[in-house]
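Chemist: Numbering (my numbering), first residue to last: 12 to 271.
Be aware that a few hints might be false.
Simulated restraints, written as ranges between beta carbons of each label pair [said to hold, decoys possible]:
1) T234 <-> S96: 27 to 35 angstroms
2) D63 <-> Y195: 30 to 38 angstroms
3) K219 <-> L270: 21 to 29 angstroms
4) V193 <-> A72: 17 to 25 angstroms
5) L81 <-> N59: 17 to 25 angstroms
Computed cross-link-like contacts, SDA-like style, restricted to lysine to any residue with a CA-CA straight-line distance of at most 25 angstroms [to be verified]:
6) K101 <-> D63
7) K185 <-> R235
8) K230 <-> K185
9) K258 <-> W131
10) K230 <-> G216
11) K230 <-> E244
12) K44 <-> S268
13) K222 <-> I92
14) K222 <-> Y154
15) K172 <-> F58
16) K219 <-> K185
Keep in mind the hints are simulated off the structure, nothing from the lab.
Virtual Cβ for every residue (Gly too), placed ideally from N, Cα, C.
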Amino acid sequence: MHIHIITDLEGISGVTTIEQMEFDSFGYEYARKRLMIDTNAAIRGAFNNGADVVTVTDGHARGKNFIDELLDSRAKKINLIDLYSQGLHKEVDAVMFVGTHAMPGTMNAFLDHVQSSTAWYNYYINNIKCGELVQGGAFLGFYGAPVIFASADEAACEEAKYFFGNIQTAPVKKALTRNKAVSYDLDYCEKMIEDRASKAMNLIGSIKPYKINGPVEIKVEFTRTDYCDNASERPNVERIDARTVIKKIPQITDYMSILL
12 MHIHIITDLE
22 GISGVTTIEQ
32 MEFDSFGYEY
42 ARKRLMIDTN
52 AAIRGAFNNG
62 ADVVTVTDGH
72 ARGKNFIDEL
82 LDSRAKKINL
92 IDLYSQGLHK
102 EVDAVMFVGT
112 HAMPGTMNAF
122 LDHVQSSTAW
132 YNYYINNIKC
142 GELVQGGAFL
152 GFYGAPVIFA
162 SADEAACEEA
172 KYFFGNIQTA
182 PVKKALTRNK
192 AVSYDLDYCE
202 KMIEDRASKA
212 MNLIGSIKPY
222 KINGPVEIKV
232 EFTRTDYCDN
242 ASERPNVERI
252 DARTVIKKIP
262 QITDYMSILL
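Kindly generate the complete structure, drawing on both the sequences and the hints.
Modeler: Have a look at this one:
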């Protein structure tokens with residue numbers, strides 16, 4: 012049984028301020044340590060209940076957030092592009108999200124955004140507004156792997172259930188404002204992630220993959236026209252107004268196809 016875990020930083024336990032996203036801040040180093048704790052808890056949960064292989068993506072920003080020596084040695088770190096290029100995406104049986112966040116414009120969500128909180132205002136697949144949860148879920152869902160677990164703030168956990176069904180979630184904090192949250196007890200969060208990731212393994216076979224039938228239209232609304240200027244110069248991208256572009260693809264066959 013091959014489980015792939017997609018991680019991010021905004022939804023990690025103990026991460027409660029926007030300043031912790033800044034690479035040169037003291038808070039960022041603390042966030043990295045919490046990222047490893049949450050990720051390892053999910054890895055343990057998967058192995059505790061039937062996983063034979065666990066691969067993990069360091070999915071925040073440039074993908075250099077992991078403290079590699081702290082990663083559970085049974086897991087293999089790999090980004091989504093390499094997962095595809097090496098053909099491993101076809102071997103994944105189920106997907107877990109750790110530390111994810113809600114799509115832009117979500118009420119009562121901590122650091123809601125999609126790709127770039129500065130440049131991307133809204134993101135749609137076939138006119139359905141969504142975010143990074145759906146991006147990862149749709150890519151691996153095309154190959155038959157369902158999303159079975161997500162840990163995040165309360166709002167992102169609700170979003171995961173909205174799109175993927177009655178999956179296991181581990182809400183580790185609650186937003187106070189967009190840029191500030193309150194974390195639940197950290198020992199409790201670690202145990203909850205491990206326990207619910209383990210329970211999520213029982214959902215394999217009953218939770219359906221999140222599949223989007225082609226043809227597929229990707230639409231991005233930008234915050235400013237100059238961001239749209241740049242995006243409209245990319246291959247297969249069509250500008251439809253001052254701040255919006257679309258891209259049409261036959262199917263979501265790889266992760267990069269659902270971006271610009």
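Chemist: Now look at each hint and say whether the structure bears it out.
Modeler: Hint-by-hint comparison with the structure:
| no. | hint | verdict |
| --- | --- | --- |
| 1 | T234 <-> S96: 27 to 35 angstroms | holds (32 angstroms) |
| 2 | D63 <-> Y195: 30 to 38 angstroms | holds (31 angstroms) |
| 3 | K219 <-> L270: 21 to 29 angstroms | holds (24 angstroms) |
| 4 | V193 <-> A72: 17 to 25 angstroms | holds (24 angstroms) |
| 5 | L81 <-> N59: 17 to 25 angstroms | holds (19 angstroms) |
| 6 | K101 <-> D63 | holds (15 angstroms) |
| 7 | K185 <-> R235 | violated (30 angstroms) |
| 8 | K230 <-> K185 | violated (30 angstroms) |
| 9 | K258 <-> W131 | holds (15 angstroms) |
| 10 | K230 <-> G216 | violated (32 angstroms) |
| 11 | K230 <-> E244 | holds (15 angstroms) |
| 12 | K44 <-> S268 | violated (32 angstroms) |
| 13 | K222 <-> I92 | holds (19 angstroms) |
| 14 | K222 <-> Y154 | holds (9 angstroms) |
| 15 | K172 <-> F58 | holds (23 angstroms) |
| 16 | K219 <-> K185 | violated (28 angstroms) |
Comparing the model with each numbered hint stated earlier shows that hints 7, 8, 10, 12, 16 do not hold.
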